[in-house]
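In case you want the letters, here they are:
Number of protein chains: 4
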Amino acid sequence: MSIPDLQKLLADFADRRDWGRFHTPKNLAMALAGEAGELAAEFQWLDPRESAEVMHDPAKAHAVRMEMADVLSYLLRLADVLDVDLDAALREKVAINEGRFPAE
Amino acid sequence: MSIPDLQKLLADFADRRDWGRFHTPKNLAMALAGEAGELAAEFQWLDPRESAEVMHDPAKAHAVRMEMADVLSYLLRLADVLDVDLDAALREKVAINEGRFPAE
Amino acid sequence: MSIPDLQKLLADFADRRDWGRFHTPKNLAMALAGEAGELAAEFQWLDPRESAEVMHDPAKAHAVRMEMADVLSYLLRLADVLDVDLDAALREKVAINEGRFPAE
Amino acid sequence: MSIPDLQKLLADFADRRDWGRFHTPKNLAMALAGEAGELAAEFQWLDPRESAEVMHDPAKAHAVRMEMADVLSYLLRLADVLDVDLDAALREKVAINEGRFPAE
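Protein chains in written order, with the working numbering: chain A, 1 to 104; chain B, 1 to 104; chain C, 1 to 104; chain D, 1 to 104.
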């Protein structure tokens with residue numbers, strides 16, 4: 001699915017549960033930080049080599065995928081309620097970083 | 001752009017700077033948590049109404065968009081190095097949540 | 001207990017479990033971010049008034065206290081392995097902030 | 001200083017600036033997550049050995065100490081507004097963990 005289609009899927013999910021009143025930008029940014037913390041926790045005791053092999057264990061791989069989905073879902077919801085075009089924002093940031101970090 | 005196209009853009013950006021050795025899953029998960037914290041910081045002292053109007057101030061709006069781009073970029077890089085299909089992961093998570101939180 | 005006594009308690013706890021090899025500064029900083037995310041999650045859907053009353057519910061109050069203890073324990077462990085005097089660091093930061101944010 | 005004395009120092013600092021209205025539990029938990037993210041960012045690209053030597057560079061050492069002070073200050077403020085005894089909470093969590101993770 002495209003980013004806008006995924007946003008539509010999530011907006012419908014929230015609407016059917018009347019969760020719109022909870023989905024203020026502040027609350028969504030806070031939920032995103034919480035999920036990013038949970039994703040980081042999956043890697044916190046791993047050394048670099050172990051972190052590269054984290055997907056070899058099916059249960060761990062599923063946990064990582066679901067935490068990544070949680071991060072993405074709150075980011076997409078936040079972009080939706082703030083009317084931010086994530087694709088354009090990312091390309092703008094990459095252009096800024098091209099100037100800040102010139103390639104060799 | 002599609003999610004895979006954005007991932008390609010970011011992978012090329014990293015490759016041209018020889019940043020691949022820094023982009024272990026552990027480091028990317030940690031960078032993602034850091035950026036999510038910076039995004040949350042944009043909202044930390046706002047009340048719910050102020051948070052809904054955060055994009056009315058152009059400078060603040062730009063800061064929020066760029067923090068969101070940072071979060072997305074590390075999430076896309078992490079998905080790339082772990083070979084996670086974010087679109088499929090999100091749809092799987094939504095399906096799980098349909099069961100956990102039945103709509104009225 | 002004083003901060004150094006709490007640090008000694010935590011260091012002994014870790015030593016008896018041979019956890020010292022996991023407690024690199026990087027891993028502890030990552031664990032701290034994870035716990036801070038879990039603490040934030042306790043408040044993410046609350047409005048300001050509800051957040052002020054969060055300790056009225058005994059089960060929720062216990063969860064909040066235990067998440068705060070987790071954050072403190074990783075902060076104290078990190079200070080211990082980096083040989084940072086947290087008391088002195090906090091007083092230095094307050095002195096810096098006295099200059100940055102003059103009181104009326 | 002003891003933990004209660006540090007809390008008094010921070011409460012006075014906030015009171016003299018009329019910041020009490022911003023220091024809801026929700027806002028403080030969010031600020032804590034933001035600072036924990038900034039602290040994590042100091043370590044995000046370091047390998048385990050580099051992270052152990054992070055305090056050898058005076059500028060980096062100062063940045064790390066100040067980020068740790070920020071985390072501590074929001075944790076102490078949150079404990080103050082929620083009337084949580086951090087010392088008791090930490091010892092309770094250690095007692096729980098003694099049961100969950102028996103030492104050899």
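Simulated from the structure, these hints should not be mistaken for laboratory data.
Yeah, the Cβ is synthetic: ideal placement off N, Cα and C, and Gly gets one too.
Hints should not be assumed to be uniformly reliable.
Below, simulated DSS-like cross-link-like pairs (lysine-lysine); rule was C-alpha separation at most 25 Å, straight line [said to hold, decoys possible]:
1. C:Lys93 to D:Lys8
2. C:Lys60 to D:Lys60
3. B:Lys60 to A:Lys93
4. D:Lys93 to C:Lys93
5. B:Lys93 to A:Lys93
6. C:Lys60 to D:Lys93
7. B:Lys8 to A:Lys93
8. B:Lys60 to A:Lys60
Quick look at which bits of chain D chain C covers, simulated, 3 or more residues with Cβ under 8 Å [as the list claims (entries may be wrong)]:
9. 38 to 46
10. 68 to 74
11. 83 to 94
Checklist entry - Looking at the structure, which of the earlier hints fail to hold? => result 2, 4, 5, 8
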